[in-house]
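Chemist: The residues making up each chain are set out below.
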Amino acid sequence: MRYFWETELALSDDILMKIEKPERYIGHEVNSVYKDPDDVRVRFVMCFPDVYEIGMSHLGIQILYDMFNSFEDVWCERVYSPWVDLDKIMREKGIPLFALESQQPVKNMDFLGITIQYEMCYTNILQVLDLSGIPLLSKDRDEDCHIVIGGGPCTYNPEPIADFFDMFYIGEGETRYRELLDLYEDCKDKKLGRKEFLRRAAKIPGMYVPSMYEVSYNEDGTIKSFTPKEEGIPKTIMKEVVKNLSDTYYPLKPVVPYIKCTQDRIVLEIMRGCIRGCRFCQAGELYRPVRERDVEVLKKYALEMMKNTGYDEISLSSLSSSDYSKLPELLDFLLEECSKRHVNITLPSLRIDAFSLDVMSKVQDVKKTSLTFAPEAGSQRLRDIINKGLTMDDIIAGSTEAFLGGWNKVKLYFMLGHPFETDEDIRGIAELANEIAATFFDVVPKEKRVNGKIQITVSTAFFVPKPFTAFQWAPQCSKDEFITKAYACRTAITEQLNQKSIKYNWHDADLSVLEGVLARGDRKVSAVIADVYKKGSFFEAWTEYYKHDRWLEAFEENGIDPDFYTCRTRADDEIFPWDFLSCGVNKEFLLREWHRAQKGEVTPNCKEMCSGCGGAQFGIGICFAGR
Amino acid sequence: MSENKEYYDYRVRFSKHGAIRYIGHLDVMRYFQKVLRRAEVDVAYTNGFSPHEITTFAQPLGVGIESDGEYMDVRMNSYISCGELRDKINNNSVPGIQAISVKRLPPKSGNAMASVAAAEYYIGFKEGKEPGLLAGNAFDAQRITELINAFLSRPEIILQKEGKNGLREVDIKERIYTFEWDTAEKCFHIIVDASSGYNIKPLSLMELFMSFNDDSLKENSLLIYRADTYTRDEVGELISMGLIGTEE
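In order, the protein sequence lines correspond to chains A and B. Counting in this note's numbering, the first sequence runs from 1 upward without gaps. Counting in this note's numbering, the second sequence runs from 1 upward without gaps.
Treat the hints with care, as some may be off.
What the hints assert, rightly or not - In the DMTMM-like style, the derived pairs of lysine to aspartate or glutamate whose C-alpha atoms are separated by at most 25 Å in a straight line are:
hint, chain 1, residue 1, chain 2, residue 2
1, A, Lys253, B, Asp27
2, A, Lys21, B, Asp27
3, A, Lys307, B, Glu156
4, A, Lys195, A, Glu231
5, A, Lys35, A, Glu304
6, A, Lys18, A, Asp36
Source of the hints: derived by calculation from the structure; they are not laboratory data.
Same shape as in the complex, but just chain A (with noise of 0.2 Å):
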């Protein structure tokens, strides 16, 4: 007919019209990639298994995207996790799960890349498996399956879903997958078969295949040992680096959604890795050593960026931006090229001080926006055991003079729940929330203070230990013990005289326990996963459909102890299920920081001495740089 036009999506009308946010499932984003599948010899999809505003938010899928479609003999596709409204649609009417450019089924591909950037997706990682129609656990798959692949920061301990995966990249992804790709297409070509190909890939630095490895276990349930089961397989894997970040792989055309993402922003990445070992953090040790990327070649991608995507606005993205050299030069290059093509900048969180404050107040309208701190403990005593580099003086000068530019917003983060916390400590974040009121009422004239008052917002998070981290040893609280801890926050907020001017938010604690089993879990625990997921729970990381009964049905069913992974002291020498991958930092750097927070000693940042953490072995970065 003349007047109505043919569309070729996976989608009928029907649903389309029926489910919320058809968009997420269209493609033809501008800056998508469509190719002729004729004259690819790879298809490869790639997926951020959360919906599709959150995972189109991801910088990592970009870039990768952006690498693989740069291969002329790859065509690589995205698809998200479909919303609860759609995924049952789906499994109603038997619809397999479709990449979003081709709109053809996930299954046919060969390759499933899947992001996991948070423990709380680890169902939807099944959903996205389910859907597309793959068999959930790896031993299951046959030679038509295609393989599926893991990255990103939760690989580093891989065994809670190592059953689900053919294979896990440890590492940056901008390094290996050529050889990796070119390894397929040879296997391929010689009808290898996928156990000969995953055989072969297991050797390929930064590859991990759970099948080519055997876990044994002593009786008290902890790890005895872990060993290839091949000569030739590597015993310890270690991760993939970019040598060079001013001269590898970065999306100058990123695709651009036509629904508002989380992230709807250019975002420039200044930097990896961060130079301040707080003890707590695992990024701060995974992403080792810093590694700046050049001023001029980050000038001329932000110019290109705001030509080819539009967008209105742009973020620095980095670990922690203050630290990066040449922060002002860049800062202002973009305030003036942006202002001329009325882009805003919006800032990462910087350390409050008087080059920050300047820049915030020319791009953001200082009665709007808030200062954040994130003092992480409440007392001096506590963050030197977590050696969190931020004192009390810094936040309180930090404050005055913002208070002094007209801020009135301050926003604290803590966790409770660090090693070693005493109520004194919990008690300090009430104070130091009051001493930051006082200050406010100190220096602001009355006549000065807008409607009069000061707004804090205190939030706490419960603290749980990731391997990779000096507090990888540490037990975590018990579900009991965060929330007397909280209790213990707001009733010492409520005793203090500015009481009226601090609002108290606190995390959900159920959440924190099982992520604390996640985090630290072994291959035992792929089975409890598996079998939430099967009881019908996904997308956990939104609270409404996170279901506690099910993880504790699921735990018992499976004769595992949750407390086993969270609530233990683990021994000095005990083997951990992460322990054949390597970040490079070593264990032994990793066990005398765990012995200096006991102890409270502060260990100094990378620019102030090297403290031989290991990262020094990759012969790169602020390692070499001189400081």
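Let chain A serve as the given structure and place chain B on it in line with the hints.
Modeler: Here is chain B on its own, set in the frame of chain A:
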């Protein structure tokens, strides 16, 4: 905005086809802001902490509907030829959204949103989803025309319209400008009021038509295509919004 500054106003007629028809109106507006920035044209901006391009859009198009008659007015700080603006938009847009024509608007012409008077649609049925009234007779044109005439000759045609203050009854008899059967394409052809406050949705009209004939539509059974959007000329006649202005 300074009062004395000279601006250049343009009207862009654009299409929306294929998968893009599922993009909602607000997202289309945000989409065009990015298109204009990618095109690096000299758009005028509002003031304030988050300045945005000065654009206005005609009557929002429902999700799932395709169109060749969408309009956006955009204000420029400097002159650009209509052809160049159209090309720059198209070079920076997806195939599903393309500028069909661009006209420079004379000063003080009403903006795209305020000047909408009517919209023209073609309404067909999805295969197997024809209402009982029309099914089984292979779309007998003569009979359908009789039904339309009977419908239009009623003393009043009352539509329940959902507004800000709840339901209100509107007599739309004088607001249906064309209602006929397109024999060749086997679909309805309508031109109806689309002005703000009196916008008649094609679905509402079809539901009303069916209920007058003691029939009803099947769920999501319509194929709807908007052919054009109209304004009124000096003498009050309907004229395509794309005919306002000059192609300079």
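Chemist: Please verify whether Lys195 of chain A and Glu231 of chain A have alpha carbons no more than 25 Å apart.
Modeler: 16 Å, holds
Chemist: Quickly compare the C-alpha distance for Lys307 of chain A and Glu156 of chain B to 25 Å and report which way the hint goes.
Modeler: 55 Å, violated
Chemist: Taking 25 Å as the top limit, are the C-alpha atoms of Lys253 of chain A and Asp27 of chain B close enough?
Modeler: 20 Å, holds
Chemist: Measure nothing beyond the straight line between the CA atoms of Lys35 of chain A and Glu304 of chain A; if it is 25 Å or shorter, mark the hint as holding.
Modeler: 23 Å, holds
Chemist: Holds or violated: are the alpha carbons of Lys21 of chain A and Asp27 of chain B at most 25 Å from each other?
Modeler: 11 Å, holds
Chemist: Under the criterion that the straight-line Cα-Cα distance not exceed 25 Å, is the pair Lys18 of chain A, Asp36 of chain A satisfied?
Modeler: 31 Å, violated
The structure shown violates the earlier hints numbered 3 and 6.
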